Amino acid sequence: MLPAHIPLSVAEKILFIGECILVFEHGATRGNGESRPSLASSRSGQVLKKREGEFRGLLRQLAAEPTFSVDKFSTAIETIRNCVSEELWKLVMEADLLGELLNLKAVFLLGRGELFQALIPMLTPFLLTPAGPQANVTGLLHSAGRQVLMEDNVLEKFTLSLKMPPAPNATTSTQTSGVLTEQWHALRLAYNACWPLDKLQTPAAQDRYNAIFSFLLDVRRAQHRLQQLWIIQRRAGGWGEGSCLRWTLRHHMALLIDNIQYYLQASTTESLLFFSMLSIPCQVDVLESQHWQLVRAVKETRDYQKLESAHHTFLASVAAQCFLHSPVVARALHHLLSLVHQFCAHLEASVAHGGTDEKTVEGLHEEFERAAALLFFHLSNLRLHGREQQHTSQLIMRIDYNRYYSHHSGSFQRLTAGTSIET
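Residue numbering for the sequence shown follows UniProt numbering, starting at 1 and increasing by one per position.
Check the hints yourself; a few may be wrong.
Each computed BS3-like pair below joins lysine-lysine, with the alpha-carbon atoms no more than 25 Å apart [stated by the list, open to error]:
(1) K13 <-> K90
(2) K105 <-> K306
(3) K105 <-> K157
(4) K72 <-> K13
(5) K199 <-> K13
Label-pair ranges, simulated between beta-carbon atoms [claimed, not checked]:
(6) I231 <-> E151: 29 to 39 Å
(7) H385 <-> I6: 36 to 46 Å
(8) R302 <-> H252: 50 to 60 Å
It is worth saying that the hints were derived from the structure and are not from the lab. Owing to the predicted nature of the structure, the values given are computational and were not obtained by experimental measurement. We treat Cβ as the ideally placed atom computed from N, Cα and C, and that holds for glycine.
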């Protein structure tokens, strides 16, 4: 039980100090027996040794006072916490935290775009057949990584698997499409962080990384399929009569998906550094700018807890700017991407079977226009009510770059009246 005169915040600091001491003293040996002696030996038993006499004297002085002072006790604990937190910061920096963050960005946040250009075509035929609820597709990830010259010591830290929830029986007509979509959404990455970075890369953090990864992969896969569809259309000579609508719809879809992708991942670190040195505010993509802010926070602090807080803020900010925390916009984006996949699947099948159902294409065209208008409507409402205003405005600027949706807002409101997107 916590004594009534000890504030909870102080108790949490004491707990943190104790946990850090355990990390230093016993954490060098992992549960699997792996040891990091080069890091452990330099810190083991040394965490408070340099200032041990100072801290012991401080606590003895407090104990000798006739009246217990919560303020003085809190100050003493904060002094010890600062020392321990700085030592832990040094330890994770020696373990190459910045390199680990780059690895996470490269794979979880699709920073190595060429990796997924190679991986998506490999995964597609594999996922066309129903797999077990815990199928392991790590080999495909590693194979794609070697194709784009990623280092083996980086690839070996990642595993890719399918974690399928139990699903009801599907009808024959929807089974293939449904299974494929579900399996793409069931892909999960895991990262084996080395000691002591596993303290930062907790299961909760990996779950948040996976939520972002799933969304980004869906956007990248839609973009990839539309690009491949263009190649198919060119080889097929436009598919003859009635092809104009198909070309137009593919073009509209590609424009919208490309602009969403640019919002997420278009800019470069160099442009960020250039504008920051000139103190010029600029609109940059979500992932690069947030990662740059995280790296800057890591370099500027010498406090592990502040570093940990910066990492949590990074994940929360990326998720928010991907609209994962806005259910209405998230559903609208998911529905839009689903229509792109339906359209691509229909035209891919038409090449194999030698015919296209024009009514299906017309229906998809109408539904896509409605879904795009609904996305713009929800984003405009978010901006109007001042919620998530800055990045909402950035996405609106991307998808409404030629003012098409703004100029047709009246007709789109009539088009989307009474429209709802199922969860």
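Here's how the hints hold up against the structure:
no. : hint                      : result
1   : K13 <-> K90               : holds (19 Å)
2   : K105 <-> K306             : holds (20 Å)
3   : K105 <-> K157             : holds (13 Å)
4   : K72 <-> K13               : holds (14 Å)
5   : K199 <-> K13              : holds (17 Å)
6   : I231 <-> E151: 29 to 39 Å : holds (31 Å)
7   : H385 <-> I6: 36 to 46 Å   : holds (43 Å)
8   : R302 <-> H252: 50 to 60 Å : holds (51 Å)
Figure legend: structure checked against the earlier numbered hints; every hint is met.
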